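Listed here are the chains, written in short residue letters.
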Amino acid sequence: MVAKRIIPCLDIDNNRTVKGINFLNLIDAGDPVELAKLYSNQGADELVFLDITATKDKRKTLSNLALKISKNINIPFTVGGGISSIDDVSSMLFSGADKISINTQAYRTPDLINKVSSRYGSQCVVVAIDAKYINGSWYVYLVGGREKTNTKLIDWAVEVQERGAGEILFTSMNNDGTKNGFANEILSNLSEKLTIPIIASGGAGKVQDFVDVFKIGNADAALAASVFHFKEIEIKNLKEELIKNNIKVRL
Amino acid sequence: MNVAIVDYGVGNIKSIQHSLDRIGVNHTYTMAKEEIISADKVIFPGVGDASYAMKQLKNQNLDKLIPNLKQPFLGICLGMQLMCNYSEEGDTSCLGVINTRVKKFNSNNNKIPQIGWNNIKNLKTNLFKGINENEFMYFVHTYFVPKSTYTISESLYGLNYSSAINKDNFYGTQFHPEKSGLIGEKIIKNFISEL
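Those protein sequences? They're chains B and A, same order as listed.
The working numbering puts the first residue of the first sequence at 1, with every later residue one more than the last.
The working numbering puts the first residue of the second sequence at 1, with every later residue one more than the last.
Because the hints were derived from the structure by calculation, they are not lab data.
Since the structure is predicted, the reported quantities are computational estimates derived from the model, not experimental observations.
Idealized CB from N, CA, C, for every residue including glycine.
Careful, some of the hints might be misleading.
Stated by the list, open to error - Under the rule of at most 30 Å between Cα atoms (straight-line distance), these lysine-lysine pairs were calculated in the BS3-like manner:
#1 A:K70 x B:K236
#2 A:K103 x B:K248
#3 B:K71 x A:K33
#4 A:K55 x B:K115
#5 B:K244 x B:K37
#6 B:K68 x A:K186
#7 B:K37 x A:K186
#8 A:K103 x A:K121
What the hints assert, rightly or not - Some chain B residues near chain A, calculated using beta-carbon distances under 10 Å:
#9 D87
#10 G96
#11 K99
#12 R119
#13 S191
#14 L194
#15 D220
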């Protein structure tokens, strides 16, 4: 059967990786291509690049980056950040990205999901959903968690699946940054309600968190940033521990 | 040695081009018939929807050309599925190179699409020369080719299915060798130098 995936996430600002990076053996730790190579060699199953640059030529910057990455690594990768039209998607895919991730724009113009999946296939459409648990319910948030909506997480997740999303990248805002583990209860609910794979994000702090997100949260993949960037967890060791816990991963 | 990558307006071919660059062979991305016919090897990529892809092939009259090619031919992912007779995806007649159908995974027991790394086993032909049983390859698909006499690699996702097929000079892989790290690149190298 298909292996559970470990996905490091790189935040890109103006062509550089941001969020504290603590690599000693890299010539240029801020170079996303160098980091991508390093993670790929350590056994990452995929990579996600999120562009947080707020400029108008973002699309060009991001597609140039995608081209450089695809030249240097031969594992799948997703790019996201500011993708708002089918033209943006085409430019990313033709630059070598395997998937695109859309979040706020998917919510504002949901038809974009249908358009991209019917043109390029649902396998390249990752819909990222940020949600927060308030008074007993999970609500969808937009614009990097700055704007609350009244839409319930499960409703939106079901809708994006029906519109043709191939995967959901779910970030629990309650867990993100806490290093106390993933939001396993809602993850397992999502997994039960949906037929497409779920990538869990937000809360990774230790190896056991990854064991739990696969065993309890039933996630298909786990995404994390700082635990990898700060070398708190090394991907190869993580995968060895997962295997000891009878979780199938690629080693 | 010149490799033609068939251009019919679908698919992400950058990774295949980069792989071939690393291996060090010349390649062209082309829809020109003469270039495809005269190439030493042909790679037939493809992602996305089968009916849309067949429409594109028909518009360029490549649907007649491909089944008659004589050189080693490698269809990847949707490219492999299009080599079959028929796909349930969009109820589509395909190229008919390999006498088998393409079916949809059952979503009762599995997430669909299958996305990620899965093992390949019962490997046959020189495409897999030097490749160990149970290596991991990267897959992304909703439809699959059942096992048959043409199967040269199988994988398990709810059921055992064909993760690679072959008939005469035609080879197809359901997985993406160009996305499957160094082992994947070795399979592309085998296609170039062993077939």
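Okay, the hints, checked on the actual structure:
Distance restraint check for A:K70 and B:K236: the Cα-Cα separation of roughly 44 Å exceeds the 30 Å cut-off, and the hinted pair is therefore not satisfied. Distance check on the hinted pair: A:K103 and B:K248 sit about 26 Å apart at the alpha-carbon level, within 30 Å; holds. Taking the CA atoms of B:K71 and A:K33, the gap is about 28 Å. The hint holds against a cut of 30 Å. A C-alpha spacing of about 18 Å is found between A:K55 and B:K115, which places the hinted pair at or below 30 Å, so the restraint holds.
Pair hint B:K244 plus B:K37 holds up; C-alpha atoms about 27 Å apart against a cutoff of 30 Å. Our distance criterion of 30 Å between C-alpha atoms is met by B:K68 and A:K186, whose separation comes to about 22 Å. Pair hint B:K37 plus A:K186 holds up; C-alpha atoms about 18 Å apart against a cutoff of 30 Å. Annotation: proposed proximity of A:K103 to A:K121 holds, straight-line Cα distance about 20 Å (limit 30 Å).
Using the Cβ-Cβ criterion of 10 Å, the hint placing B:D87 at the interface with chain A is not satisfied: the shortest such distance is roughly 15 Å. Restraint check, B:G96 versus chain A: the minimum CB separation of about 3 Å is within 10 Å; hint holds. The restraint placing B:K99 at the interface with chain A holds, with a minimum CB-CB distance near 9 Å, inside the 10 Å limit. Interface hint at B:R119: satisfied, since its Cβ lies 7 Å from the closest Cβ of chain A, which is below the 10 Å cut-off.
At about 8 Å, the closest approach between the beta carbon of B:S191 and any beta carbon in chain A falls short of 10 Å, and the interface hint on this residue holds. For the restraint placing B:L194 at the interface with chain A, the shortest Cβ-Cβ distance is roughly 8 Å, inside the 10 Å limit, so the hint holds. With 10 Å as the threshold, the beta carbon of B:D220 comes within range of chain A, its nearest partner Cβ sitting at about 6 Å, so the hint holds.
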